[in-house]
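*Asks:* Chains as they are written, first to last, in this note's numbering: chain B, 1 to 277; chain Y, 1 to 229; chain E, 1 to 338.
FYI, nobody ran anything at the bench for these hints, they're computed from the structure.
Careful, some of the hints might be misleading.
[Stated by the list, open to error] List time: in silico BS3-like cross-link candidates among lysine-lysine, alpha-carbon distance up to 27 Å:
id : chain 1 : residue 1 : chain 2 : residue 2
1  : Y       : Lys-15    : E       : Lys-332
2  : E       : Lys-313   : B       : Lys-182
3  : Y       : Lys-129   : B       : Lys-182
4  : E       : Lys-313   : B       : Lys-83
5  : B       : Lys-182   : Y       : Lys-86
Since the structure is predicted, the reported quantities are computational estimates derived from the model, not experimental observations.
Below are the chains, spelled out letter by letter.
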Amino acid sequence: MIYTIMYGFTIGAILYFISIGLSLTFGTMRVINFAHTLIYTLGVYFLVTFMAALNGHIVLSGVLAVLCVIPVSYLIERFVIRKLYGQSVDYTFIATFAISLIGVDLIKRIWGVNPYPLSDPIGTYLTFFDFTFPVYRVLIIGIAIVLFFALEWFFRRSIIGKIVAASLDDEDGVRCLGVNVKKYFSIVFVLGSVLAALGGVLYAPISSIQPYMGHSILLLAFAVVIVGGMGNLRGTFVAAFALGMVMSVTARYWSQGAEVMVFIVMGVVLIFKPLDL
Amino acid sequence: MLKIDAINVSYGHAKVLHDVSLEIRQGEMGFIIGRNGAGKTTLLKSIIGLLTPWSGSILFQGQAVVGLSPERLSLAGIRYVGQEKKVFASLTVRENLEIAAYACQEPVEKAIDRITGFYPKMKKFLDTKAGLLSGGQRQILLVGRALVGTPKLLLIDEPTQGLAAIVIEDINDIMSDLKQQVSALIVEQNLAMVNRLADRVFVLKEGKIVSEIDDKSMMSDTRKLEDYV
Amino acid sequence: MNSILADGSPGKRSSDGERYPALSDRHGWVSYVFIAAGFLALVPILSTHRVTDFMIFCIFALSFDVLYGFMGRLSFGHILYLGTGAYAAGLFIRYVDKNPVAAILLGVAAAVATGMIIGPIVVRTTGACFALINLAFNQVGFFLVLSPLREFTNGEDGLGIHAAQIGFFNTSSPSVMFWFVFACLLAVFYLLRQLTRSPYGLMVRCINENESRVRFLGYNTFFYKWVTFVIASGVAGLAGTLTTLNYKYVNPNVMDVHSNVGVIFACLIGGAGNLYGALLGGVIYMIISNTLPRYIQSWEMFLGISLLLIVFKFRQGVWGYLGDLWSYYQRKREQGKS
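For reference, chain B alone in the conformation it holds in the complex (with noise of 0.2 Å):
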């Protein structure tokens, strides 16, 4: 049982990761950014090349492959987000979800089709009370914890935080003050990118790199969002995890049904919470 809850806890740490950058986009343009996952994949993808590059040096690896979607998340913002917006949420929407397509595409294309092992790149274990953890699950919940209070001190603190802050509340008010909060939202949806991007990055050795990765997280992400309001970094952290249980706890009973039962708990949110956009 304590297994189920560990996984269940590092699942949610992941889902947080990727959560986060969506709940920011959502919160701020009111947009769903179908290509966020693309940008986890890439990530991952990116993560594989340079540990051939370099020759299994994992972290220096994970650092690159991070930092390498940032111009990517930024062009995708800048060339697509930024210009329909404030339009359309569904255009936005189908255009994102084009720009996943291609870009699933082309990671076809550069890295094939068939997946690629990573193996547990720590492989020790702690023990605590008669329970062996591997250390690498520890580390992915500790960094999830460690980058809650980050953002919650960049939120509260930093100039930037407020000002997306403000813009959550009333983005025309911020506007008619003199703030260019496009350049703002561009920077939160490239941190969420890099979020997301971590994310994968960690999550890789102990999951199936294939393409098509990133569809099924996103609809998970989606539910974390959901259930934990848009925008509100505290509720999405909670809900992460709480989902992350769920799909830890059902896999135990019901192997299948993991993923379902999120969308169960979803729905049911939205029954009593409807309130949305």
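Take the given structure of chain B and dock chains Y and E to it, following the hints.
*Replies:* Just chains Y and E, lined up with the frame of chain B:
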């Protein structure tokens, strides 16, 4: 200061403003009066760039500004305070001012001094979340925010709407103090305020300016004004 | 109500895929003749079976247009209802009674029921939420027929469905199927056209333009949205039942989430909001998806690129473009006269 020449503004297919023209000179406080739905809010939003007229021109200090973004206009010296009295609810009063100060690169203390200058009670609320303020306090915060960076033109939409009489007095006093420092174009239903402060009154009816009054004696007779509305 | 739709701004071009009001009644029955002629003309070029296929997709596209073009909500999981209809009809024929008409009715009923249940959850949301919630439900449905209900649906392998013949309605005959689907298509088109022109239709269009205002006028917008959603589900269900009967086979791919791209593309390229666009787009998409994979390997990328092009450059779709050409031509004529 501000010259609007025959602008036409629509919401989608619905035309709201028809060939509207008006002018505000430096140091003047102009008021726009009219029934609900006449297009007053639309007019203000068109000046600050939240809406774009599809014909006509707007000159601010001689420069054409139609099509410019609200951010640019704000930095150029036009500030807009909307009808909904929306503040940055999750930030404190101090942080609300911080954002304005950051944009104009004015030290936040100066902004705080200014607002506590015309409303000393705000000192108590500096670290309260703006969402918890009362309607009147929010209005004052909004005006304080708008004044950061010493703007040249204020656009205010119904500042006294929904406020208690005592608070309205406070607002009136604040507006009086501002009268010489900044030009303003204010939408108001409260004709007593119009009486006291207006240099010029524009009557907007169904999207058209039907009259312009700059005769002080006319303005001080509330009944005569009511006839126009 | 009229003031919301009144056009007060001369010289304003509808560019961002704005809804065109349906062609005025001066066209009336002529349009049906054109549609009929169009499809009949395709038969000698492709086979009967292919054109039937096209028409079924067009029915699905029409159902999607009701939701997207008309009510303004983009769903990324609409194919769930097609699948529901397909499976309900298929399972009925397989396990209960081989009567195809009864199966069709049941299939549509199943899709309608599903729409009625999911509708209240979903129509409260807009924009991106709406799109993805429908996607999630679609995913759940797909999963259901794949796994837990495998006992009945035979999971991935699918089921062969053979309906009995009722009178002249023989589903094994391509020409009978053709005429039946043809009749269904025209009937659906007629019904939807009447619907979109009725007071109900006007209400839905107003809700699309400015929902809060309609609500302030005292109308229960939730109800109208729900009804529209149910209608869209029902028509999609009909398309599903026809799919099963036409292919004599049903498997989970009938509600594959990825297939939603096709109908979205169809409505975009055809032009959303006026039903004709859906038909046109449906045919275009079917032609593309049937011929292109033969020549281009990564046709998904092609689809992606064309979607981007449409979104940025060609929002009004082919029908809208034709509409613009027509008004341009008319204006020129008027200028010529004066």
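*Asks:* Each hint should be assessed against the structure and marked as holding or not.
*Replies:* Hint check:
1. Lys-15(Y) - Lys-332(E): Status holds; Cα separation ~25 Å.
2. Lys-313(E) - Lys-182(B): holds (23 Å)
3. Lys-129(Y) - Lys-182(B): Given pair Lys-129(Y), Lys-182(B) holds - Cα atoms ~25 Å apart, limit 27 Å.
4. Lys-313(E) - Lys-83(B): The given pair, whose Cα atoms are some 12 Å apart, holds under the 27 Å limit.
5. Lys-182(B) - Lys-86(Y): Roughly 20 Å separates the two Cα atoms, so the pair holds.
When each numbered hint is compared with the structure, no violation occurs for any of them.
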